[in-house]
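Using the sequences and the hints, build the whole thing.
There are 2 protein chains.
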Amino acid sequence: MNERAVFFLSDQTGVTAETLGHSLLTQFDGQTFRQVTLPFIDSEDKAREAVQKINESTGEGAAKPIVFSTLVQDEFRAIVRQAKGLHLDIFDVFLEPLEIELQQKSTHTAGRAHGMSDIEGYMKRIEATNFALANDDGGVNRNYERADVILIGVSRSGKTPTCLYLALQYGVYAANYPLTDEELDKGTLPAILLNQRKKLYGLTIAPTRLRQIRKERRPLGKYASAQQVRYELREAEKLFKKYSIPYVDTTEFSIEEISSRILDSKGVERRVRP
Amino acid sequence: MNERAVFFLSDQTGVTAETLGHSLLTQFDGQTFRQVTLPFIDSEDKAREAVQKINESTGEGAAKPIVFSTLVQDEFRAIVRQAKGLHLDIFDVFLEPLEIELQQKSTHTAGRAHGMSDIEGYMKRIEATNFALANDDGGVNRNYERADVILIGVSRSGKTPTCLYLALQYGVYAANYPLTDEELDKGTLPAILLNQRKKLYGLTIAPTRLRQIRKERRPLGKYASAQQVRYELREAEKLFKKYSIPYVDTTEFSIEEISSRILDSKGVERRVRP
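In the order they appear, the protein sequences are chains A and B. With the numbering used here as the guide, the letters of the first sequence map in order to residues 1 to 274. With the numbering used here as the guide, the letters of the second sequence map in order to residues 1001 to 1274.
It is worth saying that the hints were derived from the structure and are not from the lab. What you are looking at is a predicted structure, and each value in this text was computed from that prediction instead of being measured. Any given hint could be a false lead.
[What the hints assert, rightly or not] Derived DSBU-like pairs (lysine-lysine); straight-line CA-CA distance at most 30 Å:
hint, chain 1, residue 1, chain 2, residue 2
1, B, Lys1053, A, Lys105
2, B, Lys1266, A, Lys64
3, A, Lys105, B, Lys1064
4, B, Lys1198, A, Lys46
Written as C-alpha cells, this is what we have:
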C-alpha cells in the first residue's frame, strides 16, 4: 500500500491537531504517513481549498487520507467534511459533553487555544524564555533567586534545550549551570548553587551517547574522549548523590519527558499550558 | 460555583492531554479552572494514586472535575475511570476508527508520542535548537546557507522566541537578524541577507507594545522612546516592502501563530511534529 496522507486541519495554528494526531499515529507501527498541516482555515474559500488538497492526495488506488481537524466554526467544518477521508474531529466529539457538564454553550470562536486570548500567559512564556537565555550555561545573570529550577550537569547533557522548552511550553523559569572540571575534581558544588539547593536538578546521560554528541561539536581532543566523558559523568553523578539532588538519565528521554519529570519531581507549578 | 478542577492524565508526559484540554476549555468563557497534570501513570499504584487525587478535589458541593486522559494501557485506564469526574479520553474515541481504517491493531504501548521512539526526530530538534542559538540576534555563526528561514526585525519584535519555538517544535532551522540603525537609516539590507532573500521573513509589532516591552528591559534613554520606536518600525516596514519580504505584525499573535504563519507563508517543511 502507498504511503498514506495525513492532514492536520485548523482554523488557527494546527498545533492541537498535530499533537493529537501524532499521539494516535505513534500507536501504529510500520505505517508510513505523509503529513501535511493546513492551518488558518478561516474562510469558505480556504475550507474549499483544503478539500481540494485532500482530494488530490487520493489518486487511483491510494489509501484513504486521515484528517485530524480542530475547526470550531460549523460552516467551515461542514465544507471540510466533504473531503474524502477518515475524519477525526476533537470538537465534534468532546465539545458536547463539556457543554452539558459546564452548563454553558461553547463560544465556537476560532483561534483561542494558541492565540492571544491569554496575553498574560503569553508574556510569561516570553519572559521565561528571556530568563532561560540570560541564565543559560551558568551565564551572565545567575539570577538564581528568581529561578523555579536550576539544571546542573556536564556539557551537552541536554540542559539548554530542556530549559528553553520549560520556558516556551510552561512559562517556567529554568536556569542551567554546567559542572566544571574544577567542581568535578573537588567534588563540591559552588556556594551560588548550594544556596538554592532545593531548586537543583541533575541531568546525566550515557557515555557513548555523550561522546557522539560532543564529537559532532568538537571531534578532536579531550572533550569527546572516552576517558574524559566517563570521568565527568561519574563525578557528576557522585555530586548528585552527595548532595541528594534528584537527577535523570536523558539518554532514553525526549525533551518533553525530561521536562515533565523535572516539574513532577520538583513540584514546580506550570505557569501556563499552551 | 467553586473553581473547577481539571486533570490531565497521561502514562507519559501529559503534553497531548494538556494541549487537547486547553484547546477545548478555551471555548468556554468566564470559567475558572484549577489545572493539574498527573504524568507518568505507568503502574497500578500510580493509577490508584491519581484516582485518589481526583476524588480529593471534589469536596462538598464542589463541581465535578474534568479529566482529560491519554492512557493507552487498558488496565490503568480502567482504574482511572473509577475516579469521579467527566472523563474525556482521546484513545477511547479515536483509536478504534483508526484501527479499522488502517486495518491494524494499535500497539497500546505507553510513551510513544513524546518519547524517544523517533530518536532521529529528537536529534533534529536538538540540532535545530543549537542552530537557533548560534544564529540568534545576527550572532556568531551567520550560517544562513543552512537556515530554512531568517527572521528580520527591530530589537524585541519577537524574533528569538519564534526561532526557538520553530526549532524545538518542528526541527526547523531558523536564524534571526536584528535590523540596525545603520540599515534602517540607509534603507538597504546587507549582502549577507540579500544573498538569502527567499528565506527572509519580517516581524513587526505595534509601537505601543514595543515600547512596553523595551521599557521593561531598559526603561531610560532612546531605546524605549516613542520617537525611536516609531522610527524603527516605520523604516523596517519600508524595508520589507522595498524588498517584497513577507512580514507579520506580532502584536496580536502568539508564538504558535507567528510560527505557523511563517511556515505557511514560506512553504517550509516541518521536519518533525512532536
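Results of checking the hints against the structure:
The suggested pairing of Lys1053/B with Lys105/A holds, with an alpha-carbon distance near 29 Å, which does not exceed 30 Å. In summary, the hint linking Lys1266/B to Lys64/A is supported, as the alpha carbons are separated by about 28 Å, within the 30 Å threshold. At roughly 17 Å between alpha-carbon atoms, Lys105/A and Lys1064/B fall within 30 Å of each other, so this suggested pair holds. The hinted pair formed by Lys1198/B and Lys46/A meets the criterion: a straight-line CA distance of about 25 Å does not exceed 30 Å.
In terms of the numbered hints stated before, the structure departs from none.
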